[in-house]
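Engineer: Got chain A; can you put chain B on it based on the hints?
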Amino acid sequence: MATRKKVLLKVIILGDSGVGKTSLMNQYVNKKFSNQYKATIGADFLTKEVIVDDRIVTLQIWDTAGQERFQSLGVAFYRGADCCVLVFDVTAPNTFKSLDSWRDEFLIQASPREPADFPFVLLGNKVDLEPRAISTKRAQQWCQSKNNIPYFETSAKEALNVEQAFQSIARNALTQQSQSVDLYNEFPDQIKLTNTTNRNSNGDSCAC
Amino acid sequence: MATNIEIEPGAALESALVTTDSYENFEQMSSSLEEIKNSNFIPSTTTDEFLDNCNNLDNDIHLNCSITSTNSKDEEYLQDEEWLSKPKHVFVLSSAGKPIYSRFGNEDRFASYFGIMQALVSFVQADDDSIRSIHAGDTKFVFLFKEPLILVAVSKTGECTLQLTAQLNYVFNQIASTLTLSRLVKIYEQRRNYDLRRLLTGVDRFIDHLLDFSENEPAFTLGAVQCLPLSSSIRDTISAAIIQSCSKIKNVVFGILLAKNQLITLVRMKKYYIHPHDLHLIFNLVQASESFKTVESCWAPICLPRFDSSGFLYGHVSYLAEDCQACLILLTVEGDAFSSLSEAKQRVVERLRRGSCLEAINESLSSREETCMEVGFPEVRHYLYKSKSTAQFYQPHISAPYSSNHKRLMNIYKRAHYKLHCPTRPLKLLFERTPQDAILAWDTRGFELYAVLEPLIETSSAISTVGRLLNWIKKREDKLFHLNAPTF
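Here the protein sequences line up with chains A and B, keeping their order. Just so you know, we're using my numbering here: the first sequence kicks off at 1 and counts up by one. Just so you know, we're using my numbering here: the second sequence kicks off at 1001 and counts up by one.
In isolation and in its complexed conformation, chain A is listed as follows (with noise of 0.2 angstroms):
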């Protein structure tokens, strides 16, 4: 089991299907890239370790799949999550107007203790595709109207700056951690005794 040191995060990523969420995961985690698209069916999980700032980081990556259909999967799904990551594509619009549903509904699913705080990183993905339809600016403006998320453009087939998207995520999501209270010492155990008693459960008891 676990020495004090080792952290594991659960990384929950979202957005419509084909903007390129297992391809990004496929990247990150297996330096792979596949131009051919396979829907994701349900979920994937995913597994990686990262160092962030000395420390052994697991990112246990959650990668879900866009279609609505398989949205039943959701409600438990995505709670006690670190961090959510968001993925839209820069060259179609509707990717991104999804955007603010794909992170209502995961609040209200995972109903983290504190949404205004919960990290998010947006991922806009496949900027080597043209034409492109939604500019950085405009993301960049989404992002700062939900409590300064932070933004990366990136290309799942180039691995342009998958890497970098995922340490920030890591890190975002190790901050909020270690912000923990001290769980362990908020309240007392001590048992009262009382004159009730505790035998239950007893029919056969008594030899009679």
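Read the hints as simulated data drawn from the structure, not as lab findings. Even glycine gets a Cβ: it sits at the ideal position worked out from N, Cα and C. Treat the hints loosely; a few may be bogus.
Here are the computed distance ranges between Cβ atoms for each label pair [stated by the list, open to error]:
#, chain 1, residue 1, chain 2, residue 2, range
1, A, I56, B, G1158, 37 to 45 angstroms
2, A, Q164, B, R1408, 57 to 65 angstroms
3, B, G1202, A, Q36, 41 to 49 angstroms
Structural biologist: What follows is chain B alone, placed relative to chain A:
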């Protein structure tokens, strides 16, 4: 065969242990705390439904999602023959899918698998249902979702779903015993993404040990404890020594003396009882902690989940003396009673020395139990006898052909135990013969008996042998069982 209480060996009117039928009510925990009224657990369906569910699962679940894990690291484990060939894996994760414990391997290395387990649980949960098990060939995947944790066993051992679930419950209780259940629940209420391993450093060793223990010890299957054979006068002297030594200290709830996984005595505060499952956790704690042997005494917070899952008892744990390896555990609710309990322990040892009890304990510890053959039952290879009213059991020394294959013997018992406790169709009497062995299992109001016999034995002589065996146990019950339930 009349079941008359007069002849039921090891029966007593008052027991120090909560008596239990192992599977029954397993999920309920008792509490002596006023505050505990909340429902931290998912409501448990009855065991009947449970089994039905298990049987129907194959048909019921149509996962219309596929969940894949693609990662070079995970594949390392998927290709690791040794890891794959383990007969049983046990995993613990948070309801958010974060790894907490794996019996084998470094759980960080296959964090994605934990995601898959969480997905399976939450997918079924989305329909207000809960997943109990998946059966794939000879492999069973058994799930136990007990807020805020998910426990999973993947087993090829042939143990039934109920037995595997019982083991997962033990693991859950071991974790609750370390943190208290209320704290565990509260931690996740405050932070669902919490990495519980931070608080459980070192506890994995206890879970490992507990799992080995629960697989190999009949005590776990029977929900009972075995006593160290001692004459009743010696046992009474020991109990009296503990009672007198603690008489001036208030709020000592339990005084337990044990050796080699066997109970020597148990003194309790009036009105309070200890559950065998809690006692097993204490046995496990003592067994798995070599460090208790090297220090004079240890002071540790221990939560006994079946006694009170919301708080800690404080345990003064110490071996009696260099020359007597019995372990004394004094449990109190007072967090600052260490020094007074240390003094009490010294007084206990002095009294036991004066009464020559240490020698008696050592003598019993060094002599092994007789085999069935040695006491005139050549047709009986081994047996387990559980007295229900005291939650205690007795077994003779294990002899051939099982001396080198305990697992096989345990499997015979587990199978028979399941047939007697199968919720849908429990048997009262079972006689089963294979080319290797025969088993007679008998469940009455007062006791359970599991006797493994020579395969060629005739049914009638099996029954008469068992009758003689019960008489034999009855004659020795004073020595084999702890029949008094002394109180402080």
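Engineer: Each hint: holds or not?
Structural biologist: Results for each hint:
1. Against the hinted window of 37 to 45 angstroms, the Cβ-Cβ separation of I56(A) and G1158(B) comes to about 39 angstroms, which satisfies the hint.
2. Take Q164(A) and R1408(B): their Cβ atoms lie about 58 angstroms apart, and the range 57 to 65 angstroms holds.
3. For G1202(B) and Q36(A), the Cβ-Cβ distance of about 48 angstroms falls inside the hinted range of 41 to 49 angstroms, so the restraint holds.
In the structure shown, no violation is registered for any of the earlier numbered hints.
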